[in-house]
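Undergrad: Residue numbers (our numbering), protein chains in the order written: chain L, 1 to 399; chain H, 1001 to 1485; chain S, 2001 to 2275.
Among the clues, some could well be false.
[Unchecked claim] Cut-off 25 Å, straight-line C-alpha distance, at most; resulting in silico cross-link-like pairs (DSS-like, lysine-lysine): (1) Lys1373/H / Lys141/L; (2) Lys2117/S / Lys84/L; (3) Lys84/L / Lys1423/H; (4) Lys1461/H / Lys1422/H; (5) Lys119/L / Lys1421/H; (6) Lys1458/H / Lys1394/H; (7) Lys1467/H / Lys119/L; (8) Lys149/L / Lys291/L; (9) Lys1467/H / Lys2117/S; (10) Lys84/L / Lys2203/S; (11) Lys84/L / Lys28/L; (12) Lys87/L / Lys119/L.
FYI, nobody ran anything at the bench for these hints, they're computed from the structure.
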Amino acid sequence: MIETLGAYDEALDRRPDEIVEARRNGNKVVGIFCCYTPVEIVHALGLIPVRLGWGGDDSLAEDGIEYITNIQCPYVRQTIGVFKEGKNPYAVNTDLVAISAVCLQEYRMVEVLKYYFGKETLTLSVPKNFYLPEGQEFFLKELESFTGKLEIIAGRKLDQGQLRKSVALYAEIRKKTAELYEFLLLDNSPIRWGQILKVIHAGFYLAPETHLSLLKKLNQELKAKPVSDKVKSIVKVRLLLAGSIIAPGNTKIIDVLEGLGVTVVADDICTGQRTFAGLVVKEPTLAGLAKAYLDRTPCAAQLYPTQETDKRLINLFDLIDRHRADAVLYHTIRFCDPYTFRVEENKALLDAREIPFLQLHTDYGVNDIGQLQTRIQALVEIIKRKKKEAAHVGSQAAV
Amino acid sequence: MSDHKQQYKDKVLTKAYLDYVNGNREYLEKAKRIFLQEKGLTFRDGSHHSAARIWEWIFEKEAPEKYPNIFIGFDGYDLESPSIIKFIYLYYSFYDRLLEASDRGVLIVNRKETIPDMFFALGSIPIRGGAGAALRHTKLSVVPENYEACGAGSSWAWKDNRIPYGAQVVPTGVHCYDTPNNALAAHRTGKVDIPIFYLDNPIGSGDTEWAVDYRVKTLRRAADEISKLTGVAVDDENLRREIRIGNKVRRAIWRIFEIQGESPNPPFTAFEFETILHSGHNWAGEPEAFLEVIEGIAAEAKDRQNHQMHGTAIHKNPVRIFVGGACTHFRPLIGHTSGAVPVGVEWFLVPSHGSLNEEGDPFRALVEGSPLKSLTAPVEEHADWIVEQIRQSKADGFIYGYKWGCNFASSAAHVITDVVKKKTGLPTMIMETDFIGKLANESGGGLTRVEAFTEILKQQKRTASRKSSVSCQNSLTTPGGVNAP
Amino acid sequence: MSQLNEGKLYFAGVDIGSNAAKSVILADDRIIGQAIVPTKADVEKSGVTALTAALESAGISRDDLSYTVATGYGRISASYADEVITEITCHAKGAHYFFPNARAIIDIGGQDSKAIKLDSNGNVVDFVMNDKCAAGTGKFLEVIARALEVSIDDLSRKTLAGDYACPINSTCAVFAESEVISLLASGEKEENIAKGLHYAVAKRVASLFSRIGSNGGDRVFTGGVAKNVGLRSALEEVLGSTLLVSPVDPQLNGAVGAAILARSNKLEELEEVDD
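Excised from the complex, chain L in its bound form (with noise of 0.2 Å):
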């Protein structure tokens, strides 16, 4: 039982009414959709920043279809279902859309909010170039020019003391958030890997100063935890869940997992790992926050042109590495072009090493739940009967 957690879901009960306060006060709000809209400056114009983006409810998927089509990922047909049934109050609440534009569909989405429900939406254009020095001329001009448009809704300029501010306390953030993570490095994390996801999530809405401060309630709560003695006798199979967003509602793979018992030691999903993975803003300046939000752990929708340098797999491998991972669950949702497309690449990359790749292809209906959990089940199967003749021989060798 974890009373952080408690007080987390208070604070979001709460937090609606706050920001419809807010807003009756003459504070604005950006929602925005995707990790590479720097937060630091939407928060240091004195903006509330909330990302958007909602999964897991396959009728309000349904209905995004009347907008875009049936051959769109259900993230984005479900967020659209989010804004036409107009009762959900970040939806409702949100002055502006701001969207980093990585992902093409999500892009398209967002055109679809403006053209259907009339929201104010701007667009932080990400080259895809971004590792040649004429794509970060671009994105820092982009930034510039974006940041310019933004002071014009919050009616300010942007003032450097603040944007100090507010890049260390996002640093803070993501610095915390890590080391939630770390617990999962245990073998009997005191914290499980889905309540990790609904923390980061939470952070999502809340404001960062609340954020923060239950994130270190959180982790000295965890700290002061007892490590459990137990004796090692059941052989835990500990896995790495890479792939597709798993965005806010969508528990559907959480719960298969967590209803059969399997531990996942890490994960590099953007509303999961990858919100702070290899971000580091070195100066709190736009240039600085323009180089470390290019620089970071990517999504698969930015082309990185070799193998050797590509970042989404150093960090896979990282992962792996120090988490001690048994296997990878590669979980990705239909239409998830980015990431359906490096199935093949990553496959063969994690062959190589000889760790076990499933691939989970799913949506948001329920109806494929079997079939997901006797393929993992099945898995688990094949990883515990190898670790346990692995320790069978260590312990033949020992004697």
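Given the coordinates of chain L, work out where chains H and S should sit on it, guided by the hints.
TA: Same frame as chain L, but now just chains H and S:
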């Protein structure tokens, strides 16, 4: 008078082909005698292709064996037109000439939606995608394998080495998303080992000063990469020369579109119209020869218009359809139906739109004048561009099509058709099609949808003409006229 | 104009669907003959069989016909027809014939479903089709009925006796079959399963229908599946409105429309000749 019996016949209705099929060579012999008086075509390598050789290639030797689908369909080419005959030769011999050029060491570049000018200047032959039409009309069949991705992503073309690409210069941004992803995947899985370079036009970047600067630098870098492979130096004046030719080609193709749209009796059949527009992708690999032929066609089109001749097998008062969307064109959609004619195909028109600056920095000209601007623009601007072309072509209806798996085009479908509906008042239809097989989209469902849409447009035309004839009658009998209904 | 004054003119509509071939004979604008026969492998022959049977029921011969229109999936091979028109246009005319105030049609056939919007003259304004997936078509119910070893009518009647609609999660007919079997195994009442099945189909169809939008006016339910009382009731509940079904067999709606168009197109032709 109904012409149902003719609707589903699997034969071309041009007199020449009917005769040909019925064993009557007289018409064809007459056309041959006239054509043999033409001067042939000269290609860039200096080779001359006489009229006799061209005729032989199409009707006697290579094409009947390798490209039997050239003349299939219930409408076809007007074989009485010498420019059309030369066009057929250029267009369908392209694949063979490509293979020969590759054997001689010429670099073949897969360049997707970019325009060809720069690549010709660098001594390469640029191909857009899988040289689809050329392949489609061969006896080769095509099977895509990709996950929820459009089969046209051209991965099949180079995975099987059907086209010997030596390099890939692929645009990224608001474009076909499957092509760069396919290219990368093939690279990473070791199936392909040729240089890839991304011509980045960042999503949502528009025409800001820094976006243009970035794209100019990127283009120059790509040119340098290609230059290393071909050994032909990057030369601005050379490139300006290519741009001048390119502008003329684009102008001629656009003129053909204008003539089709201006004419109450569209002078081109769907088959001709679409193939001609489509050839604007690759210029059959021969800029000068192609220019000569296309300008010849444009002149003949004007002639047809002046004599109020309409394309063979076009019905009296056809409904006029403008087709929008990616990798979508009309003829395979209608297959055997009649009563409709395409007056515009967005996907084939885009590469020929506008004119590039012929002075100054040619790379800047290529970026600033890029005809692809409408595609990469925010969706509402893209829709406005389409509306402009719809008005120009006096279309009666608009079909927006996309391939299953195509994120780029499908995601814009509803916004675009709604804008078109709002601004033109025309009926619109969204169609999802498939790229599997040789002549795509001829499944029952696709046909039925297009036929039903054509029926809607026909009915609207009937209603409109009845209204106007009624108002005419009223104004004759009632002094001082009467308000039109 | 002269031909009309000499007496009646006869027109035929033939709708060759994937499951059944239907034909209707009109004398001027009255239905005097009809027939429904199963579509066999020889599609052209099935159309001829339907036409022949309809002519017989009307008491006239093929020579008496002034004009014939063929529609439906098998229209391409209807050499006996003077004209072919898609089933979308035909269904609109058919529904309009019975219900002049109809502005929307839901047509559920054996293998496809359609939603059609029409104007006050029975002309199509917009349409949307589902012909790729069995969900929302008669096929879905057929598969389940066969698995449960009951007739589709029985299945439909069971619906009305259900207490509630047991949710069916599978959108795919093939998987729905397995789901139904496991529901039965877990003790769920057949009537509730039947109700749930019909609601699943209704929801799919309603989703299709929402894509053409509403324009007021009457809503008509056509196609063979319109005879299914269980589905009609489920659809009315999901859509929140009454559905009108034609007084003649709704499966004939397309053929009626085809015959109406045969008449109007022939008369137009005659007018042109006389002008």
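Undergrad: With a cut-off of 25 Å on the C-alpha distance, tell me whether Lys2117/S and Lys84/L pass.
TA: holds (23 Å)
Undergrad: Do the alpha carbons of Lys87/L and Lys119/L lie within 25 Å of each other, as the hint requires?
TA: Answer holds: Lys87/L to Lys119/L is near 15 Å, not above 25 Å.
Undergrad: Is it true that the CA of Lys1467/H sits at most 25 Å from the CA of Lys119/L?
TA: Roughly 42 Å separates the two Cα atoms, so the pair is violated.
Undergrad: Keeping to a limit of 25 Å between CA atoms, is the pair of Lys1458/H and Lys1394/H held or broken?
TA: holds (15 Å)
Undergrad: Given the hinted pair Lys84/L and Lys1423/H, is their alpha-carbon gap at most 25 Å?
TA: holds (24 Å)
Undergrad: Starting from Lys84/L, check that the Cα of Lys28/L is at most 25 Å away, please.
TA: holds (21 Å)
Undergrad: Hint check: Lys84/L vs Lys2203/S, CA-CA at most 25 Å. Holds or violated?
TA: Measuring from Cα to Cα gives roughly 19 Å; hence the hint holds.
Undergrad: Need the status of pair Lys1373/H, Lys141/L: alpha-carbon distance at most 25 Å?
TA: Roughly 21 Å separates the two Cα atoms, so the pair holds.
Undergrad: Taken at face value, is the distance from the CA of Lys2117/S to the CA of Lys1467/H at most 25 Å?
TA: holds (22 Å)
Undergrad: Given the hinted pair Lys1461/H and Lys1422/H, is their Cα-Cα distance within 25 Å?
TA: holds (19 Å)
Undergrad: Taken at face value, is the distance from the CA of Lys291/L to the CA of Lys149/L at most 25 Å?
TA: holds (20 Å)
Undergrad: Can you confirm whether the C-alpha distance between Lys119/L and Lys1421/H stays at or below 25 Å?
TA: Holds, because 21 Å separates the two Cα atoms, which is no more than 25 Å.
Hint 7 from the list above is the single one not met by this structure.
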